[in-house]
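Visitor: These protein sequences, in sequence, are chains A and B.
Quick note: to get the working numbering, add 14 to the position in the first sequence (first position is 1).
Quick note: to get the working numbering, add 45 to the position in the second sequence (first position is 1).
Hints listed in this document are in silico derivations from the structure and should not be mistaken for laboratory results.
Errors might be hidden in some of the hints.
Chain A regions said to be covered by chain B (calculated; three or more residues, Cβ under 8 Å) [said to hold, decoys possible]:
| hint | segment |
| --- | --- |
| 1 | 37–44 |
| 2 | 131–137 |
| 3 | 187–195 |
| 4 | 234–241 |
Cβ atoms here follow ideal geometry from the backbone N, Cα and C, with glycine treated the same way.
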Amino acid sequence: MSSTVQNIIDRVSVDLQEDPTFTTNGIWTVNEIIGYVNYAETDFQRRTGILKTSVTVSRIGVALYTAEFFGAAMFVVHVTNPSPFGGSIFPKPLGTMDIERVSYDKKRLYRQTLWDLSRENLNWKNNPYGRPKYYYEDGGLPINTFSTERLPATILTFRLFCDILPTVNTLVTATLTIPDTWVQYIAWEVLSLCLSRDGDGQDIARSSYSHSRYIFGVNLCLRLIRGETQEPVVAVGSEQQK
Amino acid sequence: MAIFTSTVINQVIRRLNELSITVPVHWTRAEIVTWLNDAITEINLISGELQDIDSVTLTPTNQNLAALASDSIAPLAVSVDGKYLQRSNIGDLDNDVEFEEDDQVASVPRVWCAFGTTQILHWPRVTANKAAAVTVLQQHTPVTDGAVEMPLRDEYVQCVEDFCVSRAMFKEGGAEFQQGIETYNRFLDGAQQLSGRNLLRRYPAWTASTETADVTLRGKSLDAKGGQ
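Same shape as in the complex, but just chain A (with noise of 0.2 Å):
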């Protein structure tokens, strides 16, 4: 991974027909397509989820803390009443972004929703403590926290799979977070941008064709990731494998 911001901004001068500082119409400015860089690769993160992470989160049994520290500046609560979130609130880690998979104790938990869970089990509140099957984002939790229907009561850890945010350039030498096998794409989605723009410089039917290139890379790449996949797997010696 070396492809820089400058090397973006190398390829869409070309095209728009500016020199690479974007000085000679004033048009567009480098903080403009800086800005574009950061959107087309969050885009193609969030499209494609082509850059995992497998991390951990660690709890601390309820009664020994109401809140604590977590990585930079984020806060672990401890709720010993649960209500009304059943349990306590983990941040995800930064530099992630969707949660495709949370385990604990080795164990997979399902992805729940406070709506479903409140159906089942109206009383579920009031069993606070154990072992959690459940995690779930939504019902007024903070952004960027997950929960789970029970608490643990000993100093365990969550294995969650993310997808990574890809870090924010601020400078045209900021090395880009997506491989160089996909750069072309992020080039052509910037490009999208840059000739959609309101004002001097639209051009909507070539926005609409990069956008469309765009789109057909993010798709290649998804092809990848998925792959084809053949029969369940079957345990060995299983019925189902004789």
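Keeping the supplied structure of chain A fixed, place chain B upon it in accordance with the hints.
Guide: Showing chain B alone in chain A's frame:
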């Protein structure tokens, strides 16, 4: 006979109706080289033409995960001891087995999943370090303008020409941009032909035989695991 990148760029410039191939007026050779590399990347993504086999060490301690080499685009297949593993995805695997559990270990894994494009997740975890041969889609080394061989079959180099011409016409805008779309469609036709040729070798259709899997898992059906 090898086709050089300079030869392709010359022809692209001629097709763009430039008078000089050495000093074109409306496009520079440098920008066409960028598009040339883009074309090779895209035809590779469509057809799976450039593949390599990376040796990746699966370890008992890395929680079912293993990272791929940085120059690989995406994993296509995984084999251990010469036997291909079955490809799945994390959702399906989760429904079938509790792959993080302590007893989910074996000397040879049976299933792999893509974890993004930069890592693979395998099941069962290995009991000791194990070498896996991972077939990956490979990023080509960027080519330069000169006596540099095109990293592509000769009969598909014309597709790269089409891509570059189309890309150059996009820069012109207006009617030329619209005309360039047809040229890009020619590129796609060629890429699809190459994709068809590669289809049979892209993904293995068979799975690891039962004999290669570790006996510790033998006899444990999914139903016996209980599920959820």
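Visitor: For each hint, tell me whether it holds in the structure or not.
Guide: Evaluated hints:
{"no.": "1", "hint": "37–44", "in the structure": "violated (count 0)"}
{"no.": "2", "hint": "131–137", "in the structure": "violated (count 0)"}
{"no.": "3", "hint": "187–195", "in the structure": "holds (count 3)"}
{"no.": "4", "hint": "234–241", "in the structure": "holds (count 6)"}
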